[in-house]
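Chains as they are written, first to last, in my numbering: chain X, 1 to 217; chain Z, 1 to 217; chain E, 1 to 219; chain U, 1 to 219.
Under the rule of at most 20 Å between Cα atoms (straight-line distance), these lysine to aspartate or glutamate pairs were calculated in the EDC-like manner:
1. 201/X / 198/Z
2. 201/X / 200/Z
3. 139/X / 131/Z
4. 19/U / 182/Z
Computed spacing ranges between beta-carbons, pair by pair:
5. 139/X / 161/E: 41 to 47 Å
6. 71/Z / 198/E: 48 to 54 Å
7. 36/X / 74/U: 22 to 28 Å
8. 191/Z / 42/E: 44 to 50 Å
9. 58/U / 40/X: 35 to 41 Å
10. 217/Z / 120/U: 55 to 61 Å
11. 195/U / 44/X: 55 to 61 Å
12. 17/Z / 183/E: 49 to 55 Å
13. 74/U / 15/Z: 44 to 50 Å
Since the hints were made in silico from the structure, they are not lab data.
We put the beta carbon where it would ideally sit given N, CA and C, even for glycine.
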Amino acid sequence: MPQIITGKQAAMMLRDNDRIMVSGFLVSGCPEYLMECIVATDVKNLHLVGISTDYDDRGVGKLITAEKVKSLQVSHIGTNKTTQALYKSGKLDIEFVPQGILMERIRAAGAGLGGIFSPVGVGTDVAEGKETLEENGRKFILERPIRARVSFIKAKTADKLGNLVYSKMSRNSNPVMAMGSEITIVEVDEIVETGEIDPEKVVTPGIFVDYIVRKGE
Amino acid sequence: MPQIITGKQAAMMLRDNDRIMVSGFLVSGCPEYLMECIVATDVKNLHLVGISTDYDDRGVGKLITAEKVKSLQVSHIGTNKTTQALYKSGKLDIEFVPQGILMERIRAAGAGLGGIFSPVGVGTDVAEGKETLEENGRKFILERPIRARVSFIKAKTADKLGNLVYSKMSRNSNPVMAMGSEITIVEVDEIVETGEIDPEKVVTPGIFVDYIVRKGE
Amino acid sequence: MEKQNKRDMICRRIASELKDGDYCNLGIGLPTGVADHIPSDMRVYFQSENGILGAGPRPESGMEDPDLINAGGGPITAIPGASYFDSFWSFSMIRGGHVDMTVLGALQVDQEGSIANWMIPGKLVPGIGGAMDLVSGARQVVAAMEHTDKYGKSKILKKCNLPLTGHRVLTMIVTDMAAIKVTDEGLVLVDVAEGFTVEDVIKATDADLIIPDTVGLFN
Amino acid sequence: MEKQNKRDMICRRIASELKDGDYCNLGIGLPTGVADHIPSDMRVYFQSENGILGAGPRPESGMEDPDLINAGGGPITAIPGASYFDSFWSFSMIRGGHVDMTVLGALQVDQEGSIANWMIPGKLVPGIGGAMDLVSGARQVVAAMEHTDKYGKSKILKKCNLPLTGHRVLTMIVTDMAAIKVTDEGLVLVDVAEGFTVEDVIKATDADLIIPDTVGLFN
Chain X
1 MPQIITGKQA
11 AMMLRDNDRI
21 MVSGFLVSGC
31 PEYLMECIVA
41 TDVKNLHLVG
51 ISTDYDDRGV
61 GKLITAEKVK
71 SLQVSHIGTN
81 KTTQALYKSG
91 KLDIEFVPQG
101 ILMERIRAAG
111 AGLGGIFSPV
121 GVGTDVAEGK
131 ETLEENGRKF
141 ILERPIRARV
151 SFIKAKTADK
161 LGNLVYSKMS
171 RNSNPVMAMG
181 SEITIVEVDE
191 IVETGEIDPE
201 KVVTPGIFVD
211 YIVRKGE
Chain Z
1 MPQIITGKQA
11 AMMLRDNDRI
21 MVSGFLVSGC
31 PEYLMECIVA
41 TDVKNLHLVG
51 ISTDYDDRGV
61 GKLITAEKVK
71 SLQVSHIGTN
81 KTTQALYKSG
91 KLDIEFVPQG
101 ILMERIRAAG
111 AGLGGIFSPV
121 GVGTDVAEGK
131 ETLEENGRKF
141 ILERPIRARV
151 SFIKAKTADK
161 LGNLVYSKMS
171 RNSNPVMAMG
181 SEITIVEVDE
191 IVETGEIDPE
201 KVVTPGIFVD
211 YIVRKGE
Chain E
1 MEKQNKRDMI
11 CRRIASELKD
21 GDYCNLGIGL
31 PTGVADHIPS
41 DMRVYFQSEN
51 GILGAGPRPE
61 SGMEDPDLIN
71 AGGGPITAIP
81 GASYFDSFWS
91 FSMIRGGHVD
101 MTVLGALQVD
111 QEGSIANWMI
121 PGKLVPGIGG
131 AMDLVSGARQ
141 VVAAMEHTDK
151 YGKSKILKKC
161 NLPLTGHRVL
171 TMIVTDMAAI
181 KVTDEGLVLV
191 DVAEGFTVED
201 VIKATDADLI
211 IPDTVGLFN
Chain U
1 MEKQNKRDMI
11 CRRIASELKD
21 GDYCNLGIGL
31 PTGVADHIPS
41 DMRVYFQSEN
51 GILGAGPRPE
61 SGMEDPDLIN
71 AGGGPITAIP
81 GASYFDSFWS
91 FSMIRGGHVD
101 MTVLGALQVD
111 QEGSIANWMI
121 PGKLVPGIGG
131 AMDLVSGARQ
141 VVAAMEHTDK
151 YGKSKILKKC
161 NLPLTGHRVL
171 TMIVTDMAAI
181 KVTDEGLVLV
191 DVAEGFTVED
201 VIKATDADLI
211 IPDTVGLFN
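Let's have the full structure, built from the sequences with the hints guiding it.
See below:
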């Protein structure tokens with residue numbers, strides 16, 4: 001069962017060199033308030049897992065601009081000039097992961113799998129050094145789980161048991177990131193009473209949520 | 001885009017020796033009307049993939065009782081005496097698959113994966129002859145995708161684009177089976193106009209559905 | 001002791017291992033009774049692997065819904081705050097270590113922490129169901145069982161001889177005679193059931209037992 | 001020809017490959033235009049990998065929703081019958097062969113059907129995004145691109161020298177000069193763009209082209 005805490009309390013859970021996941025796709029579904037709370041702390045040298053680094057001044061990009069991040073596992077940095085500059089100057093380590101495979105690797109961690117055989121990137125740099133499997137003439141490469149210590153995610157509504165509902169396309173990486181870390185902290189627009197969300201509509205069951213932060217609090 | 005057809009038309013698509021998947025967990029979520037339509041055909045020697053074989057006279061058990069099935073990939077047969085008797089007398093080949101791993105293997109087929117490394121059944125008969133992976137002292141076994149030619153699934157409501165909504169716990173194996181076969185045929189209680197299902201509530205998007213049968217038609 | 005009393009005692013002892021806010025999956029048969037022994041001031045959320053978190057008690061007669069059933073097919077209800085999901089996510093939840101405890105019946109268990117509960121070759125072949133996933137993934141894996149079979153032979157063995165459901169997966173074994181923790185060192189006798197002595201338990205157990213200085217009592 | 005006219009021509013030619021009822025994913029940039037050239041009596045459903053099936057056109061100004069965006073971050077709408085899903089299922093859909101066509105921009109393509117579109121070492125490193133998943137899974141993989149770079153050099157090579165996005169994955173290449181099918185035998189010139197001859201295309205192409213007896217025209 002989750003606890004309701006403040007954004008500051010959430011940010012203070014981080015330690016230097018922590019591995020974190022931050023949800024969202026070009027800001028949609030990103031816990032921006034929590035990003036601001038992290039920027040306000042002294043934490044440094046974070047390892048960040050995310051789909052992209054959003055924009056210089058928006059979304060998870062705020063962590064990059066505030067120089068909180070030393071390494072990344074990410075699928076795309078094209079919308080963030082700071083990320084690109086830091087990468088080119090060698091100040092940021094990046095592992096580029098195909099977007100769907102990033103989701104698979106996080107889900108593998110959250111679902112207790114040892115890895116998956118992926119058809120993506122066979123014959124490209126992504127396949128280098130990875131074990132392969134061949135079946136009916138198709139080649140697959142072994143992709144390992146990606147875990148973190150803390151996931152920061154964003155939902156529209158949580159009930160007090162942590163059941164989550166998202167707004168439209170903002171769910172993107174949220175459901176898998178809710179599973180992939182030891183601790184999951186969700187930023188929400190509103191918290192409703194238990195029982196107010198129809199069991200059919202719950203997208204992320206509360207079992208995956210450890211802490212709830214109401215945006216701005 | 002799916003086509004609306006009759007149960008008889010759906011059943012007539014089957015050929016002897018076909019591999020099929022049938023959804024449901026102890027009848028909940030099973031396309032029972034389609035089972036009756038298949039029983040009424042001459043098709044034989046089906047290979048059946050499912051969570052269980054339900055009961056002798058209900059659910060997918062109707063195919064077993066009608067002797068339409070020659071082999072099974074299944075997690076549980078304890079509720080069906082006919083299945084157990086046929087198995088003991090050697091008339092039915094069965095591969096027992098742990099229930100969650102059955103879902104993973106079907107999903108792997110539907111999602112283009114070559115396999116997954118599973119922690120389930122390590123050190124048991126299920127692991128026999130399978131490749132292994134060791135990581136941080138934990139062992140995993142390679143589980144291969146399970147595909148079929150036709151999936152028969154059951155939803156509460158479909159719109160004309162094949163978007164599906166399920167009743168309560170009846171979704172069970174439906175969403176993964178909708179992906180795992182070349183052809184997916186869904187039996188529904190009702191068909192509504194396109195646009196009547198809220199995009200947030202769609203559980204199985206229409207892209208996975210090829211044919212829709214209204215129950216009883 | 002009557003059979004129902006025995007069962008209640010086993011389930012009560014297992015329920016005492018749960019903490020407020022825990023998520024728990026109960027196997028069919030004997031384990032189902034654990035839900036009846038949760039203290040009223042404690043919130044425990046029951047997961048059923050066929051697709052619900054927040055399973056509630058059996059509905060009143062006439063209110064059964066065929067799409068609200070437990071893993072044994074029996075009718076259940078959904079408590080406020082419940083959620084439905086498909087079997088793919090249900091077992092992801094289970095295997096990924098998100099469920100705090102699973103309680104399963106057993107044909108045999110052994111001192112390595114292995115459990116056999118899915119078949120007796122040539123006789124009983126119900127199949128694996130969700131048990132193999134559950135024992136591989138839940139944080140605590142508890143076997144709920146009778147200590148001996150109908151011939152008085154120990155079901156807690158040095159090594160299981162039936163096909164295994166899980167190899168070295170148990171964290172606890174609770175029977176009508178004893179509560180036993182499974183540790184890296186072996187089976188530790190924690191409590192004996194009222195009416196039995198430590199010696200009784202040792203005598204009725206084929207497996208080696210580690211006997212600590214103090215052994216508790218449960219009833 | 002003006003740049004916009006060129007782009008329209010490329011997109012129109014690609015749109016003509018789609019069938020009624022198809023599901024299609026459009027990459028950012030040039031490919032986005034394909035949606036504007038679907039005949040009005042044809043239903044094509046657009047998937048955006050960030051989580052929608054049934055993406056509709058840009059909303060009117062002031063009606064933008066930050067949670068309704070395409071893969072490039074631009075505002076979109078949802079058509080009646082649309083569905084939302086997370087990225088895990090979105091890419092399962094893509095990799096599993098459920099999407100009929102993906103259209104992607106390209107820096108280079110080659111006669112083996114390989115495509116490079118995610119980086120120029122030392123210069124441009126936007127990252128992979130969803131492109132690698134898309135080329136590995138969609139039933140038809142179409143490159144939409146200019147035939148030559150700004151120095152007039154062919155972007156259709158014997159072998160790509162930039163890091164690959166996909167190895168032997170393309171089914172078609174459409175440029176401002178030609179529509180080319182990728183086959184097991186090599187690149188087959190299907191159509192030339194109005195204003196060009198077969199000879200023009202051969203001269204502007206580094207890759208070997210197979211020229212069938214009849215070559216069509218598009219505009």
